[in-house]
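In the order they appear, the protein sequences are chains L and A. Counting in the numbering used here, the first sequence runs from 1 upward without gaps. Counting in the numbering used here, the second sequence runs from 1 upward without gaps.
Just so you know, the hints here were simulated from the structure itself, not pulled from any lab data. There may be inaccurate statements among the hints.
[Unchecked claim] Here are the simulated distance ranges between beta carbons:
{"id": "1", "chain 1": "L", "residue 1": "Asn6", "chain 2": "A", "residue 2": "Glu80", "range": "37 to 45 angstroms"}
{"id": "2", "chain 1": "L", "residue 1": "Pro17", "chain 2": "A", "residue 2": "Thr243", "range": "42 to 50 angstroms"}
{"id": "3", "chain 1": "L", "residue 1": "Thr74", "chain 2": "A", "residue 2": "Asp137", "range": "12 to 20 angstroms"}
[To be verified] Here are some of the chain L residues that sit facing chain A, going by a computed Cβ distance under 8 angstroms:
{"id": "4", "residue": "Gly89"}
{"id": "5", "residue": "Val102"}
{"id": "6", "residue": "Tyr136"}
[What the hints assert, rightly or not] Here are the simulated PhoX-like cross-link-like pairs (lysine-lysine), alpha carbons at most 25 angstroms apart as the crow flies:
{"id": "7", "chain 1": "L", "residue 1": "Lys292", "chain 2": "L", "residue 2": "Lys265"}
{"id": "8", "chain 1": "L", "residue 1": "Lys119", "chain 2": "L", "residue 2": "Lys134"}
{"id": "9", "chain 1": "L", "residue 1": "Lys115", "chain 2": "A", "residue 2": "Lys236"}
{"id": "10", "chain 1": "L", "residue 1": "Lys319", "chain 2": "L", "residue 2": "Lys265"}
{"id": "11", "chain 1": "L", "residue 1": "Lys134", "chain 2": "A", "residue 2": "Lys140"}
{"id": "12", "chain 1": "L", "residue 1": "Lys115", "chain 2": "L", "residue 2": "Lys105"}
{"id": "13", "chain 1": "A", "residue 1": "Lys236", "chain 2": "L", "residue 2": "Lys105"}
{"id": "14", "chain 1": "A", "residue 1": "Lys236", "chain 2": "L", "residue 2": "Lys134"}
{"id": "15", "chain 1": "L", "residue 1": "Lys119", "chain 2": "A", "residue 2": "Lys236"}
{"id": "16", "chain 1": "L", "residue 1": "Lys191", "chain 2": "L", "residue 2": "Lys115"}
{"id": "17", "chain 1": "A", "residue 1": "Lys140", "chain 2": "L", "residue 2": "Lys105"}
{"id": "18", "chain 1": "L", "residue 1": "Lys330", "chain 2": "L", "residue 2": "Lys205"}
{"id": "19", "chain 1": "L", "residue 1": "Lys105", "chain 2": "L", "residue 2": "Lys119"}
{"id": "20", "chain 1": "A", "residue 1": "Lys140", "chain 2": "L", "residue 2": "Lys115"}
C-beta: ideal position from N, C-alpha, C; glycine also.
Each chain is listed here by its residues.
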Amino acid sequence: MIKIDNLTKIFETPNGPVTAADHINMEVPEGEICVLLGPSGCGKTTTLKMINRIIPPSSGRVFINGEDTTGLNTVELRRNIGYVIQQIGLFPNMTIEENIAVVPKLLGWDSNRYKARAKELLELVALDPSVFLKRYPRELSGGQQQRVGVARALAADPPVMLMDEPFGAIDPINREVIQDEFLKMQQELRKTIMFVSHDIDEAVKMANRIAIFRGGRLVQYDTPDDLLAHPKDDFVESFVGDDRALKRLRLVQVSQVMEPVAVVKPSDSLQTALARIEEHGYSRAILMVNEKHQPIGYVSRSVAQTTKGLCGDHYFGLKATTSPSDDLRKVASLMFNHDTTWLPCTDEQGVLVGRVTQQGITHYLGATYQRDALNAQSPHLHQVNA
Amino acid sequence: MKKLRLTRYGYGIGLVLMFTLGILAEQYDVVDELFFYQEDVVYLTVQHIELVLISGGIAILIGVPLGTLLSRPRFARIAETAMQSLNIGTTIPTLAILALSMSLLGIGMLPAVFGLCIASLLPIVRNTYTGLLEVPDHLKEAASGIGMTAQQMLYRIELPNALYVIFAGIRTALAINVGTVPLAFLIGGGGLGELIFTGIDLDEPFMMLAGAIPTAMLAILADIVIAVLAFLIVPKGVNPLRT
Ligand SMILES: Nc1ncnc2c1ncn2[C@@H]1O[C@H](COP(=O)(O)OP(=O)(O)O)[C@@H](O)[C@H]1O
Ligand SMILES: [Mg+2]
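Let's have the full structure, built from the sequences with the hints guiding it.
Pasting the structure below:
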């Protein structure tokens, strides 16, 4: 856990004092990623660097796992905090193995232990140790170097990580890949992470909580969904963008909007299919599953109305399926691609577990806004009643 | 780049020299003539090498720590001024430095070593200083962010990354040193200069050659040795010679 208490930094410059961070208060719960987000020069880096005292605070305190770090020895403090910078900063005079082992060596591990650790970490960041351990940083691509940068920060297994725009220097495609890998890693490692970004999409993707900064002040500190649904003021609203409703799609999983679905079997008659379509009010078609309850196709309403016979002889192939852990952005994109208003959801074995509909998605996203609207009205109603 | 070309020049000149000598040797009994001075040559060559090693060694032992010290933040204020005066120092001809050190310390080996030391000190200090300052800030930030002390950062990050530039300085220094050593004779420091200058004075071309040829070969050898050392010592990841 990281707790920041009234942290302030005033730089004395020839042009007078500059307040880079102004009484920042926030708390990052254990095992969560907090993204510091805001335009350039708003104080994100300054705030981050005050935590490991690369920048000494003017006033205020930092607590790590409940302990006030003010009195701690700087070197000691930093060895327990993983640090990743935008320029990556791998040491060019050292091999990848030596780079990763830097902190363990400083901590006095024996060579077998830190070598094993370097190998393990390279595997963790998806680089083949037999290829990369003995290479030098200049022999790696930007994305590979960034992975090693993360591995180095993780070497001594620090509970807390600070990352300053760690993926900023990587091209967009590799950035997505590396973000995904990092999130997967974090699911196991559960580090408490403070992460600086100026990219709202990255923040929404990575963060458990987002802290929006403006001119050295913390303006809003919320979960990504709350931030997108309820930007506190015009600044935050414009910063998160006009498409904030769409951005929320990424934050919701299929399982959160999944509905039960009626099906037919290949051995059912088309009459049965029509009856079920009517019964459940489906407008166009009903899903057909095999005996293992895996979806295999659709029986359309028009066919069922005009033809006699078995469903198994008159169905269309399956267009696409989703899984409960997919996010709604992917689902929406699949729906557009296949020109459909709903998709079946299946588990890993391909067994049908429900369906997700456009209406369901709209309803889910709309619910928060409606709640807002009600909340905004209720005091008014209250007044009228009173 | 410039230094590389100079080295090639050296090799080229060496080759031409050998070629010409080969032809000459056929016509006269040059080899016999030269071997007449063999004893002197061996004795003076050893002395010559001693002068280079002692003065060069002392220059490195003083120059690298001095350059390092000047690059530390607490000396930032005086460092620029110090480097400026060192730069002015490099414009003084080496012969003048030797003359000055003689007027200070008299004649003999001591003023020769002292003068050679001063003459070769400057490139080492300058390259150590700039090499260390050129280590990118983000490397230093990464190092201190990881929890290195200032000393650990110096030895594990800054010096290894500046080493190639430092070696370039040592190479320049050695070139100056080796080029100046023959002059040491003029202030009584000994070395192969004795054969060269005496040969000129007595109008004895073979005596002069007996001094000049080993001097030239030593200069080339010194340059090769330092290049090999740079190749071996500068870490592979920051060594442009090893890609
Ligand atoms: N060392 C410094 N000296 C003076 N001003 C600084 C220094 N570092 C940062 N600042 C100023 O503090 C403000 C916040 O900077 P920073 O935290 O780097 O912003 P961000 O990381 O959000 O882009 C900026 O106005 C910047 O100019
Ligand atoms: Mg920044």
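Kindly indicate which numbered hints from before are broken by the structure, ordering the numbers from low to high.
Checked against the structure, no hint fails, so every one of them is satisfied.
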